[in-house]
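J.: Next come the chains, spelled out residue by residue.
6 protein chains.
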Amino acid sequence: MTLSADTRAKLMTVSTATIATALFKRGLRNQMIQGVGPVGGPNGSNMVGPAYTLRYIPAREDLNPITVFQDPTHPQRAGVEACPVGAVMVIDSRKDPRAASAGSILVTRLMVRGCAGIVTDGGFRDSPEIAALSMRAYHARPSAPTNLTCHQAVDLNVPIGCGDAPVWPGDVIVGDDEGVIVIPAHLADEIAHETVEMTAFEDFVT
Amino acid sequence: MTLSADTRAKLMTVSTATIATALFKRGLRNQMIQGVGPVGGPNGSNMVGPAYTLRYIPAREDLNPITVFQDPTHPQRAGVEACPVGAVMVIDSRKDPRAASAGSILVTRLMVRGCAGIVTDGGFRDSPEIAALSMRAYHARPSAPTNLTCHQAVDLNVPIGCGDAPVWPGDVIVGDDEGVIVIPAHLADEIAHETVEMTAFEDFVT
Amino acid sequence: MTLSADTRAKLMTVSTATIATALFKRGLRNQMIQGVGPVGGPNGSNMVGPAYTLRYIPAREDLNPITVFQDPTHPQRAGVEACPVGAVMVIDSRKDPRAASAGSILVTRLMVRGCAGIVTDGGFRDSPEIAALSMRAYHARPSAPTNLTCHQAVDLNVPIGCGDAPVWPGDVIVGDDEGVIVIPAHLADEIAHETVEMTAFEDFVT
Amino acid sequence: MTLSADTRAKLMTVSTATIATALFKRGLRNQMIQGVGPVGGPNGSNMVGPAYTLRYIPAREDLNPITVFQDPTHPQRAGVEACPVGAVMVIDSRKDPRAASAGSILVTRLMVRGCAGIVTDGGFRDSPEIAALSMRAYHARPSAPTNLTCHQAVDLNVPIGCGDAPVWPGDVIVGDDEGVIVIPAHLADEIAHETVEMTAFEDFVT
Amino acid sequence: MTLSADTRAKLMTVSTATIATALFKRGLRNQMIQGVGPVGGPNGSNMVGPAYTLRYIPAREDLNPITVFQDPTHPQRAGVEACPVGAVMVIDSRKDPRAASAGSILVTRLMVRGCAGIVTDGGFRDSPEIAALSMRAYHARPSAPTNLTCHQAVDLNVPIGCGDAPVWPGDVIVGDDEGVIVIPAHLADEIAHETVEMTAFEDFVT
Amino acid sequence: MTLSADTRAKLMTVSTATIATALFKRGLRNQMIQGVGPVGGPNGSNMVGPAYTLRYIPAREDLNPITVFQDPTHPQRAGVEACPVGAVMVIDSRKDPRAASAGSILVTRLMVRGCAGIVTDGGFRDSPEIAALSMRAYHARPSAPTNLTCHQAVDLNVPIGCGDAPVWPGDVIVGDDEGVIVIPAHLADEIAHETVEMTAFEDFVT
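Line by line, the protein sequences are chains Z, A, V, F, W and H.
Just so we're aligned, residue -10 is where the first sequence starts under our numbering, counting upward by one.
Just so we're aligned, residue -10 is where the second sequence starts under our numbering, counting upward by one.
Just so we're aligned, residue -10 is where the third sequence starts under our numbering, counting upward by one.
Just so we're aligned, residue -10 is where the fourth sequence starts under our numbering, counting upward by one.
Just so we're aligned, residue -10 is where the fifth sequence starts under our numbering, counting upward by one.
Just so we're aligned, residue -10 is where the sixth sequence starts under our numbering, counting upward by one.
Just chain Z, same shape as in the assembly:
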């Protein structure tokens, strides 16, 4: 399932609050990624794209020496190259911000490759540099230690949990100044249509 240009454009204009209400009407109550916000704070723009996921487990010391960064087939490195243009990388960091989920080099690489954004339920290092990028990034808080300290990448594009929300590959991720929400892929078009109409109505009555 692909994200149409029309749906993407619509979702660039609506809030996560409005989307949450539309999902609530369909019985979906846990689609907000809890506890994450935009690196660098509000800037008024949305992030929209299908989810491409990266899954971490706790790091085991003998498997995570500093030399793993030299391996281009490492899932973290491979994922940054494989994340499709227009997609949002979503990382399952088990809500653990004690070490970084990624740093500015990887996030910049995603941006240069044309990805739409990045989300972790942990933290990013080099967060001041990430805040200055044009691509939006969301995390729980800054975290300077290298990800090898706590996290080991094991899977690409599998279903994950992120901030207590289920994230399936291809789900449509929308971020705004409040946070990030997950729209199940099959609902993206109708939610986009409905929320644009809800927004127009709210603006009218305000």
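Quick caveat, the hints were computed from the structure, so don't treat them as lab data.
A quick note: this is a predicted structure, and the numbers were derived from the prediction, not measured.
There may be inaccurate statements among the hints.
EDC-like cross-link-like pairs, simulated, lysine to aspartate or glutamate; straight-line CA separation at most 20 Å [said to hold, decoys possible]:
1. Lys14(W) <-> Asp51(V)
2. Lys14(A) <-> Asp178(A)
3. Lys84(A) <-> Asp153(V)
4. Lys84(H) <-> Asp85(W)
5. Lys14(F) <-> Glu183(F)
6. Lys84(H) <-> Asp153(H)
Use these hints to put chains A, V, F, W and H onto chain Z, whose structure you have.
T.: Positioned in the frame of chain Z, the structure of chains A, V, F, W and H alone reads:
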């Protein structure tokens, strides 16, 4: 008991830190609403007003369909209309920010009606809009999901807990750039007088 | 709404797990009182009764001297006398076990009066004595400090939250060796009937 | 890599504390599954077996109706049938005990099939029945709600986190009355040998 | 200040709940060591003795190789030898039970030397062996990993925090089946006297 | 051991992320002070200096009347005068931000005396004033209540824990816009040299 114009004016000029010390001298150690800060960050102005409370319990799914928003007698709606001019609405959200305590429509309505502010130990949705209002609002963090997801309004103007502090209707609520503190109603005048003097002295010695 | 003898008898024979499944089928996902267990551990018997609630807020020091215990109209004391025969007292302690929700004198008094049990999302003091009673009690953990330290009783028989579950007066409370669940009053008869049948079927296939 | 009968037999006689020290000597500091204990409490016997893993993500309401239990290909059901004889099933429940990771029917089925044990960093339902089984089970606390409420099984036998420890398929899991520890597969033989010797020495000097 | 035999004998007969009330009357609200219970569960006996403290900080890897256990001047070892006969060792483990505060060898040594008990706001390893000792021990939960993993002993008999309570050397520590409370040294005699009388009165009216 | 001007100058130019990686290479994984950030937010400048520590324990009410502030020998006051020029005061507040670790008067005094910064794993009061100072300060969150409410200063310049990291007097503390890291004193020169080179290389390849 009413809040005099003189006491209100004095409390507009003192910090929650100074008030906390004055309350500490009287044996009151738990009057700070823990874990909340100003939506949109520091702006240098105080919020002062008597507490008008709203109490939430966990939402039960069958009692909280989206249609409850059409009911003007719903306690949340009723409370927004009943909160007195000059008062601060204080919401007991059980320190649960997973869904919104309120959104910009209700907060704007409070402001238009002449209320002095709003506080929750949960989160607000539409927080960027709320941050742009002239009325101050305090919460734990932004939270986009509709309050029906987690919260059900059940009571107006009863004693509540908010951020681990006791809040009795009519207690005088003061917010500044650090947070929010609760002055028992019978102490408001003397605390206002004393803290203005303490502040003058501190400014003199600095 | 009253709890029929037949429904009570049925609910004495089924598990909270089976009830949770029956409620889940009806879209009710948050009826388990999270984080509480039986004082003194498993003993194989159920607790069943309609909820009679007691609501605490954080204690304010000047309102909670030791002398309040001499006041028979204090809501905690009044509640222990007013809790109907056959009912379960459910206390909203805001999940705070740092001070006791009640002690053995009050719990014993409830038992002597013919109540069916007591639940708090905080802790009980004198827990070894309470464990020895024939009436079941549930809490988060033992807590020796007097409830005046942290808790002030303010309301009887209003809707409350307990362990993140909504509890409305008259809801039917069932406890077993795993914990405590809340059945909305209007569903008690049908849930009792259905869970007895589910239990018979499970026993047959096991 | 298989677990030899000799190594299994040795590990039945040593404590998780001794194993933790042997792993610490090798630079492995995070192999203890934090926060879990034996269902039903201490009984003096060990659980030993290679890890067979089951991974949960947060449940999405539309994907988890009660009818999924009728599907024998559901990963939870499939896993219970596929877990090898002698293995320990280890479940990544994201440290969320609000709903059950499994119940007595599945745990009993594992036991009947000859598995060595089961571990979750969430909770089990029907815990009194599970406590009565001869196969050991470990969890954080009892949890009556059906796992559909919070958990969706998505993967079998992939690397997971459990209680903040990394668990790779085939790692050797050892449980005693204190908790559960994870021995990397390639170290199992030498750790078994070394800890038996350490235990003998400690018994000698005590 | 020494603990008289009379005061010790009295405190062997009263509950931490009664002591907490007596301290509350004197304005002391935070003397309960929060979150700890007896290793092995209730047994009906009290632990009484003056506090001898041990302070841990987070372990730094280069300072905590396994060889430090061979150093008899290490504060943990020195403390076990220096703790006075009749005293209770109280350990500040920063409420971190991820690694052990001590194990059965050290706890047994304390018992053999005639100490009155041991308390940590972390966890003990070898907890089944400790549960079998005649000397009482209190902790948050079992914890098998060696203390070198997380804890480094740095100080003996200085003021510490334990379970959020202040503990000054020489304060009188009382443990029962509910938990552990700290009586300031200068109040020990009068609290002992008063609580014995309170207990007699309660027994009379029960 | 003193901090050379050359090492200090180098550390003013590198990030905590780079330092964390250099420490990770040496087996040091827990040197980041978890959960603290700059008061007033990012400003692009570093804080560097040897640690001078202050240790708090939980406050006991009778030992902490408001009058203790008049005592110039009180450890908090004495510490502010004794902290060496160029040093960073690091406070062990047991990760408790419910009351202030210090306020603007003490922090200003440190700045005037020529100290390099201040860090607490609790919170500061008067945080807007502190944010306006040229000396950097780091905390968990603002906290208005006087420190007497929760904290009692007991020790100066002893080893402490701060934000789960070990801090030994003389360790070199570096703060940037992401947070604060602790370099063991004996490694400061080589870490400074290495991280400057790492930074140059990263800038070259970016």
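J.: Hint by hint, where does the structure go against what was stated? Just the numbers, ascending.
T.: none
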